[in-house]
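Residue numbers (the working numbering), protein chains in the order written: chain R, 1 to 90; chain D, 91 to 359.
It cannot be assumed that every hint is accurate.
[Stated by the list, open to error] Under 8 Å between C-beta atoms, here's a sample of chain D residues computed to sit facing chain R:
{"#": "1", "residue": "168"}
{"#": "2", "residue": "171"}
{"#": "3", "residue": "240"}
{"#": "4", "residue": "281"}
{"#": "5", "residue": "282"}
{"#": "6", "residue": "286"}
{"#": "7", "residue": "288"}
{"#": "8", "residue": "290"}
{"#": "9", "residue": "293"}
{"#": "10", "residue": "319"}
{"#": "11", "residue": "320"}
If you're looking for bench data, these hints aren't it; they were derived computationally from the structure. Glycine included, each C-beta is placed from N, C-alpha and C at the ideal position.
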Amino acid sequence: MTLWKRLFSPASAPQARERLQILLSHERQVVGGDDLLSRLREDILAVVAKHVPCEQDNVKVRLERGTPMSILEIEVEVRGDINLAISRAA
Amino acid sequence: MAKIITVTSGKGGVGKTTTTAAIGAALARTGDKVVVVDFDVGLRNLDLIMGAERRVVYDFVNVIQGDARLPQALIKDKRLDSLFLLPASQTRDKDALTEEGVDRVIGMLSQHFDWVICDSPAGIERGATLAMRHAEIAIVVTNPEVSSVRDSDRIVGILDAKTLKAERGETVDKRLLLTRYDHVRAARGDMLKTEDVLEILSLPLLGIIPESNDVLKASNMGVPVSIHDPNSVPARAYQDAALRLKGENIAMELPRQRGLFSKLLRRAA
Numbered sequence: 001m002t003l004w005k006r007l008f009s010p011a012s013a014p015q016a017r018e019r020l021q022i023l024l025s026h027e028r029q030v031v032g033g034d035d036l037l038s039r040l041r042e043d044i045l046a047v048v049a050k051h052v053p054c055e056q057d058n059v060k061v062r063l064e065r066g067t068p069m070s071i072l073e074i075e076v077e078v079r080g081d082i083n084l085a086i087s088r089a090a
Numbered sequence: 091m092a093k094i095i096t097v098t099s100g101k102g103g104v105g106k107t108t109t110t111a112a113i114g115a116a117l118a119r120t121g122d123k124v125v126v127v128d129f130d131v132g133l134r135n136l137d138l139i140m141g142a143e144r145r146v147v148y149d150f151v152n153v154i155q156g157d158a159r160l161p162q163a164l165i166k167d168k169r170l171d172s173l174f175l176l177p178a179s180q181t182r183d184k185d186a187l188t189e190e191g192v193d194r195v196i197g198m199l200s201q202h203f204d205w206v207i208c209d210s211p212a213g214i215e216r217g218a219t220l221a222m223r224h225a226e227i228a229i230v231v232t233n234p235e236v237s238s239v240r241d242s243d244r245i246v247g248i249l250d251a252k253t254l255k256a257e258r259g260e261t262v263d264k265r266l267l268l269t270r271y272d273h274v275r276a277a278r279g280d281m282l283k284t285e286d287v288l289e290i291l292s293l294p295l296l297g298i299i300p301e302s303n304d305v306l307k308a309s310n311m312g313v314p315v316s317i318h319d320p321n322s323v324p325a326r327a328y329q330d331a332a333l334r335l336k337g338e339n340i341a342m343e344l345p346r347q348r349g350l351f352s353k354l355l356r357r358a359a
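For reference, chain R alone in the conformation it holds in the complex (with noise of 0.2 Å):
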């Protein structure tokens, strides 16, 4: 780096400090949905397990925030094709 870059360069550290304060003040209130999503994946996981069978790792749910609507996205993924009378049945 030259001197006149070095002497004239912009400095870094308050871009840094804004980027981590508006990221962070986002994340913590997604840590607090977190512990919400993964409660809901569980209820939703045994609904569905006592009637299909169905993994942990194949329940997906995502909340996309918004205002003024926001979307709970539940994706459930069951291996092989679901015969319908019988889970009715069961």
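Position chain D relative to chain R; hints supplied.
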């Protein structure tokens, strides 16, 4: 009963093991009985930093599985009579550490020592949560750098959720240890300042360890940095941090490198 400390960070390579060895040795130097425990199963390194790698016979997992008794696995430090090491196992089976096993060993250790210092593996997996399980005090080791600060914030959240204290509705006493700090770069505006990190993480400060060649030198020699050259800048910073853990009120000033004259004097001595 011992005070149980967990040294943690989330991010790897920020100085957890260095800190465990340095704080352990600094506390033992004051006469307290100290055991440092390596929780990094499969990637143990505390033995190497302590210079005890060739003396490991039995380890943490051997004790948990009943293949060795605890006193057989404890390694006494060659320099400090009251400092002991419980090495981690090099097994690839990460499930070798069990909750019950850890509870039993920590319980035994806390009856015989003043301090039990748990060196956490990086990450937020099982090994890390087991290492923090019994913590009364958590030393959150952080570099003044964005990814380290972010991971420390995550670890603070986990300390508030997944420890025995949290389960009892209490809180772990969390302290920030800022490592690899370069006050020249911070003053120039190229590195997060201590106040920035404190404000972002809002944790009380345990100490500031300046970036220093002495840290690498000490690890090359297998000696905890706080006792390798006890007058070096990082050694004094770690000693101060250890005294703060003991409740002493030590001013938070950055130890400065001594002048050339006193350095020469010291070399001559």
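Here's how the hints hold up against the structure:
no. : hint : result
1   : 168  : violated (42 Å)
2   : 171  : violated (44 Å)
3   : 240  : holds (7 Å)
4   : 281  : holds (6 Å)
5   : 282  : holds (5 Å)
6   : 286  : holds (5 Å)
7   : 288  : violated (11 Å)
8   : 290  : holds (5 Å)
9   : 293  : violated (13 Å)
10  : 319  : violated (30 Å)
11  : 320  : violated (32 Å)
Taken one by one, the earlier hints fail for this structure at numbers 1, 2, 7, 9, 10 and 11, listed in ascending order.
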